[in-house]
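Peer 1: So the protein lines, in turn, are chains P and G. If you're matching positions, the first sequence starts at 1 in the working numbering and goes up one per residue. If you're matching positions, the second sequence starts at 349 in the working numbering and goes up one per residue.
None of these hints come from the bench; they were simulated from the model. Any given hint might turn out to be false.
Claimed, not checked - Dumping the calculated PhoX-like pairs for lysine-lysine here, alpha-carbon to alpha-carbon at most 20 Å:
#, chain 1, residue 1, chain 2, residue 2
1, P, Lys-254, G, Lys-602
2, G, Lys-602, G, Lys-628
3, G, Lys-595, P, Lys-278
4, G, Lys-595, P, Lys-224
5, P, Lys-247, G, Lys-595
6, P, Lys-280, G, Lys-595
7, P, Lys-74, P, Lys-116
8, P, Lys-275, P, Lys-247
9, P, Lys-247, G, Lys-572
10, P, Lys-247, G, Lys-626
11, G, Lys-422, P, Lys-196
12, P, Lys-275, G, Lys-602
13, G, Lys-623, P, Lys-254
14, G, Lys-464, G, Lys-422
15, G, Lys-602, P, Lys-280
16, P, Lys-83, P, Lys-96
17, G, Lys-444, G, Lys-471
18, P, Lys-254, G, Lys-628
19, G, Lys-602, P, Lys-278
20, G, Lys-602, P, Lys-247
21, P, Lys-254, G, Lys-595
22, P, Lys-254, G, Lys-626
What the hints assert, rightly or not - Covered by chain G, per the in silico footprint, the following chain P stretches (three or more residues, Cβ under 8 Å):
#, region
23, 212-220
24, 271-283
Said to hold, decoys possible - If you want a taste of the chain G side facing chain P, the calculated C-beta under 7 Å gives, among others:
#, residue
25, Phe-581
26, Ile-585
27, Glu-591
28, Gly-592
29, Tyr-600
30, Leu-601
31, Thr-608
Bear in mind the structure is a predicted one, so any value in this text is a computation, not a measurement. No residue lacks a Cβ here, since even glycine has one placed at the ideal position from N, Cα and C.
Now for the letters of each chain:
Number of protein chains: 2
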Amino acid sequence: MAQPRTLALDAMGGDHGPEVVIPGAALSLERHPALSFIFVGDEVRIAPILAGHPALAARSRVVHTTQVVAMHEKPSQALRRGKGSSMWLALEAVQKGEAHAAVSAGNTGALMAMAKLILRPMKGIERPAIAALWPTITAECIVLDVGANIGATARQLSEFALMGAAMARALFHVEQPTVGLLNVGVEDVKGAEEVKEANALLKGAELPLDYRGFIEGNEIGQGKVDVVVVEGFAGNIALKTAEGTAKQIGMYLKDAMMRTWLSRLGALLARGGFKVLKEKMDPRRVNGGTFLGLNGIAVKSHGGTDALGFASAVDLGYEMSESGLLERLASDLETFHHRLGTVSPASH
Amino acid sequence: MAQPRTLALDAMGGDHGPEVVIPGAALSLERHPALSFIFVGDEVRIAPILAGHPALAARSRVVHTTQVVAMHEKPSQALRRGKGSSMWLALEAVQKGEAHAAVSAGNTGALMAMAKLILRPMKGIERPAIAALWPTITAECIVLDVGANIGATARQLSEFALMGAAMARALFHVEQPTVGLLNVGVEDVKGAEEVKEANALLKGAELPLDYRGFIEGNEIGQGKVDVVVVEGFAGNIALKTAEGTAKQIGMYLKDAMMRTWLSRLGALLARGGFKVLKEKMDPRRVNGGTFLGLNGIAVKSHGGTDALGFASAVDLGYEMSESGLLERLASDLETFHHRLGTVSPASH
Chain P
1 MAQPRTLALD
11 AMGGDHGPEV
21 VIPGAALSLE
31 RHPALSFIFV
41 GDEVRIAPIL
51 AGHPALAARS
61 RVVHTTQVVA
71 MHEKPSQALR
81 RGKGSSMWLA
91 LEAVQKGEAH
101 AAVSAGNTGA
111 LMAMAKLILR
121 PMKGIERPAI
131 AALWPTITAE
141 CIVLDVGANI
151 GATARQLSEF
161 ALMGAAMARA
171 LFHVEQPTVG
181 LLNVGVEDVK
191 GAEEVKEANA
201 LLKGAELPLD
211 YRGFIEGNEI
221 GQGKVDVVVV
231 EGFAGNIALK
241 TAEGTAKQIG
251 MYLKDAMMRT
261 WLSRLGALLA
271 RGGFKVLKEK
281 MDPRRVNGGT
291 FLGLNGIAVK
301 SHGGTDALGF
311 ASAVDLGYEM
321 SESGLLERLA
331 SDLETFHHRL
341 GTVSPASH
Chain G
349 MAQPRTLALD
359 AMGGDHGPEV
369 VIPGAALSLE
379 RHPALSFIFV
389 GDEVRIAPIL
399 AGHPALAARS
409 RVVHTTQVVA
419 MHEKPSQALR
429 RGKGSSMWLA
439 LEAVQKGEAH
449 AAVSAGNTGA
459 LMAMAKLILR
469 PMKGIERPAI
479 AALWPTITAE
489 CIVLDVGANI
499 GATARQLSEF
509 ALMGAAMARA
519 LFHVEQPTVG
529 LLNVGVEDVK
539 GAEEVKEANA
549 LLKGAELPLD
559 YRGFIEGNEI
569 GQGKVDVVVV
579 EGFAGNIALK
589 TAEGTAKQIG
599 MYLKDAMMRT
609 WLSRLGALLA
619 RGGFKVLKEK
629 MDPRRVNGGT
639 FLGLNGIAVK
649 SHGGTDALGF
659 ASAVDLGYEM
669 SESGLLERLA
679 SDLETFHHRL
689 GTVSPASH
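In isolation and in its complexed conformation, chain P is listed as follows (with noise of 0.2 Å):
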């Protein structure tokens, strides 16, 4: 049985505001009818649009605000300015307990402050990450941190891990999430002392996930693993180098098709081949940052993208806060730390 969850969404996030925030919560509704909605952000501009989706309307509440975080305002500036503005309500309502996840298309540093001001880390969580949803030949997989900081301790990569497993359980429902530690092919390579002492922390902690060691690059989009850890600034560089091939790749594809008489005609009649695969090279599909690490759920949708992108973003902020996530990862937390503590008092 559904568990009944409320989603406080910042209305005015992201390129389009209102207008794709609101049907994409429609959108999220007709697959997840436990759902309930806090919209916060300028009436003015939402209750028409609301007005339009009246099954939307009978599960939702209107937070009226007319301050706004811009998209290219600094997260600093944010934080000095941005105190009653959408995005700060919105996570203000998880942090009160009126909302169990918030989702927002704003700005993504500004968005990242403001849930650590507001949220605060978890006991136990040196630095939240942010986890992105990676499309694998077989599903899915997490890949953590795609860019909340740069570099990262072997403690806090053994953190990662914990976060991500525990995102793994909710969205695969998988008891023990399979994790590799993303590393690279060269052997000699000098440095990476702290993903090696992951490695050794990873192996010898018995946390309640099956680690698999390390990976490599190639072996993400593979489904190797359920969690992929990495430290922010190659976790990053990954995420947007697959999203530019996956691109590339598509624009060699449509060229090659575009070529001869032959191959048009040869790509008319399997279109409904292109279809499946442009559907599971959509975008929209896959659509949703989550912050780990804070004492509550926030997840961040693309800017730019449309209703069904954003209802992406709205079901992954469902799924994480139906699953009893948080609680879950508290008690792993406490364990590998409890652990640490005895295994390996010097990296404490």
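Guided by the hints, dock chain G onto chain P, whose structure is given.
Peer 2: Just chain G, lined up with the frame of chain P:
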């Protein structure tokens, strides 16, 4: 007029040894008739294969050794035991001036370690780098470092920019190659101080290149710049991730085309287009990591490649050695360090 160039080939390197190296060299010779070769390895295995390629045999000599560096030998072991091996002697031929470049499909870590020891870093280079050719929607770009070292200081990143620009000048025949510094998009991110510092250095130093500032992972394949500079951990992960993503999408495409008889028929009619796509995405077309920053050129081919792929690595060795790259780079480095010394002594 093409200049005569001699390449020293490690005939025993890679998964297939002379069975791939010799036919690969023969293919490259067809494209570059000014080439001649030194094959280093077991002449009992080399001679019969070489005899099957008379045009190549006429422009080749064999340096005999039965010693081979194993594919999974550790670099430190390879350095201790590998003196006199086919890999060692190929590099030594470059060091002695008998060859203009060495090409090996052997163990990357061992090749890097030996190349550093035998060829020695150029004056003004703190750390050599491995550069990869990366296919873009317009042509190709150069990405470095893809795994010679983990982490890089601002000065080292600036040296990578100079090395990459020298390589771009040699391969793409542009006098002022465009250069971008790979960074993450999240503005608030702490750290990456060395990337920010390198940005300032590259902006200020009036180098013989067209510095374009930061670029993100999704822009590499767009062909935005000729040279992408990044430290080796993130660079290696980016490269492998792009390879994995290309493979993954190839699998999606195959599946999508096999779904219905109509899409199969369409794919059959469009096979000319698919062939073009396949060639475009063929990893053998762009094969070879180049070690930059040493007093000599060494190219690493993929270990598992075939003759076509090995020929690409040989082509690369030829183009690099034909261009006077090292002399030009030496003078660029001198200018850079001179300016660095006067402009910003703190970073020195």
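Peer 1: Hints first: check each against the structure and report whether it holds.
Peer 2: Verification of the hints:
1. P/Lys-254 x G/Lys-602: 15 Å, holds
2. G/Lys-602 x G/Lys-628: Roughly 16 Å separates the two Cα atoms, so the pair holds.
3. G/Lys-595 x P/Lys-278: Holds: G/Lys-595 and P/Lys-278 sit about 16 Å apart, inside 20 Å.
4. G/Lys-595 x P/Lys-224: 14 Å, holds
5. P/Lys-247 x G/Lys-595: Roughly 14 Å between the alpha carbons, so the hint for P/Lys-247 and G/Lys-595 holds.
6. P/Lys-280 x G/Lys-595: Roughly 15 Å between the alpha carbons, so the hint for P/Lys-280 and G/Lys-595 holds.
7. P/Lys-74 x P/Lys-116: 15 Å, holds
8. P/Lys-275 x P/Lys-247: It holds: about 15 Å lies between the C-alpha atoms, which stays within 20 Å.
9. P/Lys-247 x G/Lys-572: 14 Å, holds
10. P/Lys-247 x G/Lys-626: Holds, at about 16 Å.
11. G/Lys-422 x P/Lys-196: Holds: G/Lys-422 and P/Lys-196 sit about 17 Å apart, inside 20 Å.
12. P/Lys-275 x G/Lys-602: 13 Å, holds
13. G/Lys-623 x P/Lys-254: 13 Å, holds
14. G/Lys-464 x G/Lys-422: Cα-Cα ~15 Å, so holds.
15. G/Lys-602 x P/Lys-280: Holds, at roughly 13 Å.
16. P/Lys-83 x P/Lys-96: Within the cut-off at roughly 15 Å; holds.
17. G/Lys-444 x G/Lys-471: 18 Å, holds
18. P/Lys-254 x G/Lys-628: 13 Å, holds
19. G/Lys-602 x P/Lys-278: 13 Å, holds
20. G/Lys-602 x P/Lys-247: 17 Å, holds
21. P/Lys-254 x G/Lys-595: 17 Å, holds
22. P/Lys-254 x G/Lys-626: 13 Å, holds
23. 212-220: holds (count 5)
24. 271-283: Holds, because 8 residues of the region 271-283 of chain P bring their Cβ atoms closer than 8 Å to Cβ atoms of chain G.
25. Phe-581: 6 Å, holds
26. Ile-585: This interface hint holds because 4 Å falls under the 7 Å limit.
27. Glu-591: It holds, given that the least Cβ distance between G/Glu-591 and chain P is near 5 Å, below 7 Å.
28. Gly-592: 3 Å, holds
29. Tyr-600: At 5 Å from the nearest chain P Cβ, G/Tyr-600 passes the 7 Å test, so the hint holds.
30. Leu-601: Check passed: Cβ of G/Leu-601 comes within 6 Å of chain P, closer than 7 Å.
31. Thr-608: 6 Å, holds
In terms of the numbered hints stated before, the structure departs from none.
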